[in-house]
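S.K.: Residues per chain, in single letters:
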Amino acid sequence: MNFTRPARCTLCNFSRAASAAPRVPRRQFHPSPFRLDDQRPKDPAVSVAADTPKTTKQAAVKRKLGTITRKMRAASVRPYTEEELAQLREVYSAQQVAAIEAGEAAIDPKDFARQFAVRTDPMRLKYLDDFSHVEPGVDKHVRAPETNSDPTQKLKSTEDLMQDFAQYIQEMPRDMNAAHFVRWAENNRLTKGKEEAERRPHTSLAPDFFQEGDKLRVPEEEGKEGQARDQSLHRPAISLEGVSPPLAQLIQSTGLSQEYIKSLSTKSLVFHSVTNQTRLGKVQRFYCLAIAGNRDGLLGLGEAKSFEAADAIEQAKYRAIRNMRPILRYEQRTIYGDVTAKVGAMDLKLMTRPPGFGIRCQSLIYEMCLAAGITDLAARVNRSRNKMNTVKAAYEALLSQRNPEDVARARGKKMVDVRKVYYSGRVF
Amino acid sequence: MSLTNLSHVISHLNNVTKARLGLTSIPNTKLHLKLCLALQNDGFISTVVRGGPTPPAPHQLLGHPSSEDIEPVTQANIASRRLWLGLKYWRSEPVLGKMKMISTPKRRVTAKLEVLRRVVQGHNTPYIEGLRSPGESLYISTDKGIMEARECVEKKSGGLVLCRIR
Numbered sequence: 001m002n003f004t005r006p007a008r009c010t011l012c013n014f015s016r017a018a019s020a021a022p023r024v025p026r027r028q029f030h031p032s033p034f035r036l037d038d039q040r041p042k043d044p045a046v047s048v049a050a051d052t053p054k055t056t057k058q059a060a061v062k063r064k065l066g067t068i069t070r071k072m073r074a075a076s077v078r079p080y081t082e083e084e085l086a087q088l089r090e091v092y093s094a095q096q097v098a099a100i101e102a103g104e105a106a107i108d109p110k111d112f113a114r115q116f117a118v119r120t121d122p123m124r125l126k127y128l129d130d131f132s133h134v135e136p137g138v139d140k141h142v143r144a145p146e147t148n149s150d151p152t153q154k155l156k157s158t159e160d161l162m163q164d165f166a167q168y169i170q171e172m173p174r175d176m177n178a179a180h181f182v183r184w185a186e187n188n189r190l191t192k193g194k195e196e197a198e199r200r201p202h203t204s205l206a207p208d209f210f211q212e213g214d215k216l217r218v219p220e221e222e223g224k225e226g227q228a229r230d231q232s233l234h235r236p237a238i239s240l241e242g243v244s245p246p247l248a249q250l251i252q253s254t255g256l257s258q259e260y261i262k263s264l265s266t267k268s269l270v271f272h273s274v275t276n277q278t279r280l281g282k283v284q285r286f287y288c289l290a291i292a293g294n295r296d297g298l299l300g301l302g303e304a305k306s307f308e309a310a311d312a313i314e315q316a317k318y319r320a321i322r323n324m325r326p327i328l329r330y331e332q333r334t335i336y337g338d339v340t341a342k343v344g345a346m347d348l349k350l351m352t353r354p355p356g357f358g359i360r361c362q363s364l365i366y367e368m369c370l371a372a373g374i375t376d377l378a379a380r381v382n383r384s385r386n387k388m389n390t391v392k393a394a395y396e397a398l399l400s401q402r403n404p405e406d407v408a409r410a411r412g413k414k415m416v417d418v419r420k421v422y423y424s425g426r427v428f
Numbered sequence: 001m002s003l004t005n006l007s008h009v010i011s012h013l014n015n016v017t018k019a020r021l022g023l024t025s026i027p028n029t030k031l032h033l034k035l036c037l038a039l040q041n042d043g044f045i046s047t048v049v050r051g052g053p054t055p056p057a058p059h060q061l062l063g064h065p066s067s068e069d070i071e072p073v074t075q076a077n078i079a080s081r082r083l084w085l086g087l088k089y090w091r092s093e094p095v096l097g098k099m100k101m102i103s104t105p106k107r108r109v110t111a112k113l114e115v116l117r118r119v120v121q122g123h124n125t126p127y128i129e130g131l132r133s134p135g136e137s138l139y140i141s142t143d144k145g146i147m148e149a150r151e152c153v154e155k156k157s158g159g160l161v162l163c164r165i166r
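Quick mapping for you: the protein sequence lines, in order, are chains A and B.
Yeah, the first sequence ends on 428 if you go by UniProt numbering, and it's all consecutive.
Yeah, the second sequence ends on 166 if you go by UniProt numbering, and it's all consecutive.
Worth flagging that the hints you see were computed from the coordinates, not collected in a lab.
Don't be surprised by glycine CBs; every beta carbon is placed ideally from N, CA and C.
Be a bit skeptical, because a hint or two may be false.
[Said to hold, decoys possible] Over the 12 Å line for every Cβ pair with chain A, so calculated as not near, a few chain B residues:
(1) R20
(2) N41
(3) D42
(4) I45
(5) A76
(6) K88
(7) V95
(8) L96
(9) S137
[What the hints assert, rightly or not] Derived DSS-like pairs: lysine-lysine, alpha-carbon spacing no greater than 27 Å straight-line:
(10) B:K18 / A:K420
(11) B:K34 / A:K342
(12) A:K282 / B:K18
(13) A:K267 / A:K392
(14) B:K98 / B:K34
(15) B:K144 / A:K420
(16) B:K155 / A:K349
(17) A:K414 / B:K34
(18) A:K414 / B:K106
(19) A:K392 / B:K156
(20) A:K267 / B:K18
(21) A:K282 / A:K342
(22) B:K106 / A:K413
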């Protein structure tokens, strides 16, 4: 077995039979340089005898191409000789041979000569090929046929149908009869998108696979979800002059644009003064706990202390923006299952609820839900009801949700959201 | 059916998953074996192998051991037999979450089919809270063997509620 030749793939079977010349592997497994066969003939004596010293092998090929170009005429197409026919009969049955002969007789010799001739125009190929085979690497791969499916297909609305009808009335011929209208009514399209998708749709027995580039989502819907696609998100302000230093620092460190930061909903939830007793006396400062969210699945907490109340609030809000993290949301409205969290003496439970339930819980958790974009939730706060710890515990609980996909993968089981299946994915 | 021993096993498994151990052993009883096989069937643990006081050979843990490999249970060695369980972890979190006894040695909790149906739908019942979190499961000992609550509802049988895993 020759190890220098690569394994032939299935597609290569479509190509012509393997040539006698050895193929050149991409990578050598030995350090000595690999010599191509056509660089130097194996036996110099033979080659010198066969060729004149000045003509190389390449030149010989060129000469051959030239003769084919010149000599191909209609007359040069000749029928099979008896010998060739006998060879054909060895391989093919009598019917197949008859079919071959009939097929070749059907081609005009002039046409045959023109097609078989080597092109001399500027767009000619640099190699000899009659395109009877697919050469992998040179020719394109054989692709599956394109299908009629159109993922962007949509039913026409009443207005669209009215427009169609109005157009029909405008273009109606003088000698209009009932058959004309019936023909129009039967042929008028009911959907928008690719025409074949409606005229000749695929069957449910053999549904089409998705083609390369097909998407489930309509292109115009992209960019609405997912923060990375948000254009305004990662576009820092051109100049940071006139911006307050803490905000400028936030913009520089996060790369968020000023408009995006402005669009976030922030709120200071806990605010009070704290005192530090030193030997010089009491040092009073202001403490603030703020939240920030984009009302679409992002939520962050920020704490700050300062001698100035306004500074504390501003810093807390900016820290909340910096700490924003994604919150798992079921159907983008509630949480996955019931979650509990414990901070200090706080014992808190957040409970998932059906659509339309609303946010029925105390004010602090309500504000957090608003910022995170949760619309259905119930909460129970047991034992202590410290405001600061409530917010922290609720944040911890929201982050501690388990993703059902992770659970399924961990156990090696398949898990299906029955609601999603029942409403065929149109749950939100 | 000793629920005392079962509760010991359950708290042992809780401790073991917190310590992130890969292999542990529990006393070999019919109840423990059936529960472990149900857990293995649901993907909570990777292997259940019966062995002695020392852990079984790796090939027995990795593959399905044939009957010749396993030392048969005799009157002489039955007291020293233990079940060796392989534990699973996913993204550095234990797959077998927090286990909790529902029935206790002092109070056995049974559930009829109607109760189980409500529990599986997520409603709270007097002694059993509804299964509401993703991946939460409840194990019931029935006359058809130890099964998960949803499977019980499918097979229309109630029984003694053993433990809950979340």
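S.K.: Determine for every hint whether it applies to the structure shown.
M.R.: Each hint, compared with the structure:
1. R20: holds (14 Å)
2. N41: Not fine: 10 Å to the nearest Cβ puts B:N41 too close to chain A.
3. D42: The assertion about B:D42 is violated, with a minimum of 6 Å to chain A.
4. I45: violated (10 Å)
5. A76: Holds: least Cβ distance 38 Å, greater than 12 Å.
6. K88: Not fine: 7 Å to the nearest Cβ puts B:K88 too close to chain A.
7. V95: Violated, because the least Cβ-Cβ distance between B:V95 and chain A comes to about 4 Å, which does not exceed 12 Å.
8. L96: Contrary to the label, B:L96 does not stay out of reach of chain A, its closest Cβ about 9 Å off (not over 12 Å).
9. S137: violated (10 Å)
10. B:K18 / A:K420: This hinted pair is violated, its Cα atoms lying about 34 Å apart.
11. B:K34 / A:K342: violated (35 Å)
12. A:K282 / B:K18: At roughly 44 Å apart (the allowed maximum being 27 Å), B:K18 and A:K282 break the hint.
13. A:K267 / A:K392: holds (15 Å)
14. B:K98 / B:K34: With Cα atoms ~19 Å apart, B:K98 and B:K34 stay inside 27 Å; holds.
15. B:K144 / A:K420: Status violated; Cα separation ~32 Å.
16. B:K155 / A:K349: Judged against 27 Å, a Cα distance of about 33 Å means the pair is violated.
17. A:K414 / B:K34: Holds - the C-alpha atoms of B:K34 and A:K414 are around 23 Å apart, at most 27 Å.
18. A:K414 / B:K106: Violated: A:K414 and B:K106 sit about 37 Å apart, past 27 Å.
19. A:K392 / B:K156: Status violated; Cα separation ~44 Å.
20. A:K267 / B:K18: Cα-Cα ~37 Å, so violated.
21. A:K282 / A:K342: Judged against 27 Å, a Cα distance of about 32 Å means the pair is violated.
22. B:K106 / A:K413: Status violated; Cα separation ~35 Å.
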